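Participant: Between the sequences and the hints, there should be enough to build the whole structure, so can you do that?
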Amino acid sequence: MENEIIEKKESLEDINSDIVGWGVDADPENDPTYPMKKRTNEEHQGYSWDRPPQQPINIEILHSNERPNVSATFGTSSPLSGVSGEIRRYAFKYSENDNRHWLGLLLADRVNVVEGIVDDLSKGHIPNYFAERGWKAGMKHHPEEIVKKILVTALVTTVVVSWFFSSSGSKKPKLGKLLKR
Amino acid sequence: MNYRGPYRVRADHKPYPEIQHPNDAIVRVTRSCICGSDLHLYHGLVPDTRVGMTFGHEFIGIVEAIGSSVEKLKVGDNVLVPFNISCGSCAFCRQELYGNCHESNPSATAVGGIFGYSHTAGGYDGGQAEFVRVPYADVGPTIIPADMDPDDAVLLTDVVPTGYQAAEMGGIQKGDTVVVFGAGPVGIMAARCAWLFGAGRVIIIDHIDYRLEFAKNYAKCEAYNFRSLEDPVLFLKKTTDWLGADVCIDAVGCEAAGNTLQTITGRKLLLQAGSATALHWAINSVKKGGIVSIVGVYGPTDNLIPIGNVVNKGLTIRANQASVKRLLPRLIDHVQSGRLNPKGIITHRVPLEEVSDAYHIFSSKIDNCIKTILIPPSARN
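Sequence lines, in order, name chains A and B.
Each residue of the first sequence is one higher than the one before, starting from 1496 at the first, in the numbering used here.
Each residue of the second sequence is one higher than the one before, starting from -10 at the first, in the numbering used here.
For the record, the hints were derived by calculation from the structure and aren't laboratory data.
Fair warning: this is a prediction, and the values are worked out from it, not measured in the lab.
Beta carbons are placed, not taken as given, at the ideal position from N, Cα and C, and that holds for glycine.
Incorrect hints may appear among the rest.
[Unchecked claim] Straight-line Cα separation of at most 30 angstroms, BS3-like style, residue types lysine-lysine; simulated pairs:
1) A/K1532 with B/K277
2) B/K61 with B/K257
3) B/K205 with B/K61
4) A/K1644 with B/K205
5) A/K1532 with B/K257
6) B/K302 with A/K1533
7) A/K1588 with B/K163
8) B/K257 with A/K1635
9) B/K61 with A/K1532
[As the list claims (entries may be wrong)] Taking beta-carbon pairs under 8 angstroms as the criterion, some of the chain A residues facing chain B (in silico):
10) E1591
11) W1597
12) G1611
[Stated by the list, open to error] Covered by chain B, according to a simulated footprint, are these stretches of chain A (three or more residues, beta-carbon under 8 angstroms):
13) 1511 to 1522
14) 1543 to 1551
15) 1554 to 1564
16) 1622 to 1636
17) 1645 to 1656
Facilitator: Structure follows, in structure tokens:
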């Protein structure tokens, strides 16, 4: 039995001899029942380590209510603003365990996209959807997909706009009448 | 790079980053990559991804300025910057869990700070830029060895450590059968690294033929398209003598294809934190008492997975963001000795100004794209 095992090990190395580095990091002691860490149990002492110096908090930073403070450093990309900022403030009233936190943030992200377009227009910049979506590369590599997307988008937009202006029973003016004005 | 909303990014001018903390550095980027996990941001799946943010957590560059307390770096150093932002002094960093730092992300306790990865990961601008602020400059950034190719170095910031740790977390023993779900850059690297731990057989599963072909050649593994298999789990059971694989690695994460229910509820309706098809298959394909290693990225809410099978099969699930700093010495040695060839997965080099096209190509999986490098104007001159 032992001979069989030894033979099997030798044959494994032979079989994989064309793979550079085969088995160099094999570690029979790698016990998969424990996370990859150098265990110190330091966290048993609680939140007690010597914290790095605090980055000055010069803008509003939302922090998870599952921690008591703002981390020693943080990013300052895209500070809170507008309606999306209000929604984010609301979302951060709930813990990371609560779906209202995450769904609120996703909603804020979608609102933020509209705010981004408004911001662009207010600065005199008309967003170039074609370029921003990378459709130049798309037209080169899979033009049929891009054309399909454009046609579907145009169709959906036409249907939605037509429905909006001609919905029966509403007092809204029909699209035709609107265009004649 | 400037995020404007799902599927919309553009090259834009932004202010030069400032030193905001005594241990900050400003790095002039010479290479950055688009990571598969950047696509989750690009597709609008990660909460608190704000318009105006710059993505990019895989980058190298040259130190342009340093804060008053920085001791280990000097202006002009050529550094690779791990994707995790870690303080080096909290209880978790001191246990070498550098991907779980508690002093780099105020917004969420479940994840440490990550460059350019939404405010959920700290709100830091990333490296798909000409300049980037790098916090804790004495901890993360590592000086690139003089003889190392910068294309190898930039892949040591994430894709190589993540692929390596995926294999390491599998606790692979000599002769083990390892199945990797996902033939993206990380999956390919995980398959390659599985051999380093002595795997006896490595199988990779995906649905993109050109990626499978690439994986087969690069990682010397078996490659199968699940679209051509009636049931990938059944196939894997049959091909492992009806017992299942010893180790399964989920290198896909929240945008997996292959299961309509998962796709609709996870990717279209966002009723769960992405589509968990790969994880589902991993749990069902591994043998009793086996190990499932997860490096695929999922959202912060809930996912539909067969947890009952985890219990009944006695599985061990191991998962984490890669602890890049812990792994770097070993991985640098692997690269320098020729055991790993990271730059071999690079298929596209794109000027930073064409970032919109680069994202479209990578996201759409066209032009045989495996890994894209963005090169800023200053690095091209």
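Participant: Now, for every hint given, state plainly whether the structure supports it.
Facilitator: Here is what the structure says about each hint:
At roughly 25 angstroms between alpha-carbon atoms, A/K1532 and B/K277 fall within 30 angstroms of each other, so this suggested pair holds. A hinted pair counts as satisfied when its Cα atoms are at most 30 angstroms apart, and B/K61 with B/K257 does not qualify at roughly 47 angstroms. A hinted pair counts as satisfied when its Cα atoms are at most 30 angstroms apart, and B/K205 with B/K61 does not qualify at roughly 41 angstroms. Our distance criterion of 30 angstroms between C-alpha atoms is broken by A/K1644 and B/K205, whose separation comes to about 33 angstroms.
Under the criterion of a C-alpha separation no larger than 30 angstroms, the hint pairing A/K1532 with B/K257 is inconsistent with the structure, at around 37 angstroms. Between the alpha carbons of B/K302 and A/K1533 the distance comes to roughly 28 angstroms, so the proposed pair stays at or under 30 angstroms and holds. With a C-alpha separation of about 50 angstroms, the suggested pair A/K1588 and B/K163 falls outside the 30 angstroms cut-off, and the hint is violated. Pair hint B/K257 plus A/K1635 holds up; C-alpha atoms about 27 angstroms apart against a cutoff of 30 angstroms.
For the given pair, B/K61 sits about 24 angstroms from A/K1532 by alpha-carbon distance, which is consistent with the 30 angstroms threshold. Annotation: A/E1591 was flagged as interfacial toward chain B, and the flag holds, the nearest CB pair being 6 angstroms apart, inside 8 angstroms. For A/W1597, the interface hint holds, since its Cβ comes within 8 angstroms of a Cβ in chain B; the closest pair sits about 5 angstroms apart. The restraint placing A/G1611 at the interface with chain B holds, with a minimum CB-CB distance near 4 angstroms, inside the 8 angstroms limit.
Counting residues of the stretch 1511 to 1522 of chain A whose C-beta lies closer than 8 angstroms to any C-beta of chain B gives 11; at least three are required, and the coverage claim holds. With a threshold of 8 angstroms between beta carbons, the proposed coverage of the stretch 1543 to 1551 of chain A by chain B holds, since 7 of its residues qualify and at least three are required. Figure legend: the stretch 1554 to 1564 of chain A, annotated as covered by chain B; annotation consistent (7 residues with Cβ-Cβ distances under 8 angstroms, at least 3 required). Taking a C-beta to C-beta cut-off of 8 angstroms, the stretch 1622 to 1636 of chain A contributes 12 residues in contact with chain B, enough for the three needed, and the coverage statement holds.
Residues of the stretch 1645 to 1656 of chain A lying with their CB closer than 8 angstroms to a CB of chain B number 0, which falls below the three-residue condition for coverage.
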